[in-house]
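Asker: Sequence order for the protein chains is H and C.
For the first sequence, this note's numbering gives the first residue as 1, with consecutive numbering after it.
For the second sequence, this note's numbering gives the first residue as 1, with consecutive numbering after it.
Because the hints were derived from the structure by calculation, they are not lab data.
Given the structure is predicted, the values throughout are model-derived calculations rather than measurements.
Some hints here could point you the wrong way.
Which chain H residues stay away from chain C? Per the calculated CB distances, all over 10 Å, these [said to hold, decoys possible]: (1) A51; (2) D89; (3) A106; (4) R156.
Okay, the calculated bits of chain H under chain C, using three or more residues with CB under 8 Å as the criterion [claimed, not checked]: (5) 92-104; (6) 175-183.
Even for Gly, the Cβ is constructed at its ideal location relative to N, Cα and C.
Protein chains: 2
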Amino acid sequence: MRGAGMTAESAGASSQDRAKRADAVRNIESIVAAATRLLAVDPDASINDIAKAANVGRVTLYGHFDSRATLIREVVDRAIAQTEEALADLDLDGDPREALGRLLEATWHLTHRFGAVVVAASQALPPDQIRRAHDEPVLRVRALLERGRDAGEFRRDMPIDWQISVIQAIVHGASAAVHRGEISADEAPVLVRDTSLAALAA
Amino acid sequence: MRGAGMTAESAGASSQDRAKRADAVRNIESIVAAATRLLAVDPDASINDIAKAANVGRVTLYGHFDSRATLIREVVDRAIAQTEEALADLDLDGDPREALGRLLEATWHLTHRFGAVVVAASQALPPDQIRRAHDEPVLRVRALLERGRDAGEFRRDMPIDWQISVIQAIVHGASAAVHRGEISADEAPVLVRDTSLAALAA
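Can you make the complete structure from the sequences, with help from the hints?
Answerer: Structure (structure tokens):
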């Protein structure tokens, strides 16, 4: 067993270290959760707001994240991981239009959950780090569009890159429209799906 | 005649004042033109970059614009004025689909000309000042959509606000896609028009 031969003193120190590490992990989780929650509605949420919501001091926060940008990068990394996990579970086989409908609905929910995190990220991080957030979802959309174009379901008289941009613009536009109160979060997924399919239909 | 009774001294001072005012106007025009040109391609263009491109010193620039945000507000105000002027000349009568095609093409050219100014503005100004930039163009689009919906040319199973958001998202998405090099500026207006009309078609 690891550490079985330790002296009482070093065991004591190690147990203190473990407690400190557990504290640190708890604080990091609180900070990231608070940052995600606040940034999703207000891209300008400050370090003070986030520390307060996480119930930690500024010094503790800066001990774990040396800048607001570093914290936002962590929030974005986790958002990407959760997005990839959610999309990996989707069935994208069968009729391309129905499959795209399922993919758009899932994408909508993720985009809306992370909301203004995208805005915060685009203000605080370099563009290539933002683009990375879309790489994996884009591959899925692209594969599906290719299949639908080959099957004659989606129009082929436009570049596929343009069609991907249109879908992204519609999804992000819907999120912004919900935040402005122009459409409800309930009607958004259907509007996103129907509008995207209409724009793509052969 | 105004100033006819002035002494020689006050006339001399007045002529100096006029020269100073003419200098100031020239500098302001240079600064705003340089800011528009630089911000259209790089939303993060700095005050130093702008002063250099305008061939004026930082002190002169700050004498006319007390902050980067003030300068950006002036750039945006002029962009709005030019946009309204260009759109006011458009013929929006006749077939709603063709009229919307003309409006979208003009909107595309304006959006692309001012390019990243929108991004710079959204980072430096409060959201309500950004929204104002879209108020007048939006009224035109709305009136045309209402006419096309009434004529049975555009679908009515979606909120008109949503359809306006979709058009804005497609136009801005096209500008971003051109800046990323995914589509060319030449093919953009046709893609914007065809995609928007497909999304709206009854």
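Asker: Hint by hint, say whether it matches the structure.
Answerer: Going through the hints against the structure:
With a minimum CB-CB distance of about 24 Å to chain C, A51 of chain H clears the 10 Å threshold, and the non-interface call stands. In this structure D89 of chain H is separated from chain C by more than 10 Å, as the shortest Cβ-Cβ distance comes to about 27 Å. Non-interface status of A106 of chain H relative to chain C is upheld: no Cβ of that chain comes within 10 Å, the nearest being about 19 Å off. With a cut of 10 Å on Cβ distances, R156 of chain H stays outside the contact zone with chain C, its closest approach being about 13 Å.
Note: the segment 92-104 of chain H has 0 residues with beta-carbon separation from chain C under 8 Å; the three-residue rule is not met and the coverage is violated. Look at the segment 175-183 of chain H against chain C: 4 of its residues bring a Cβ nearer than 8 Å to a Cβ of that chain, three or more, so the hint holds.
Consistency with the previously given hints fails for number 5 only.
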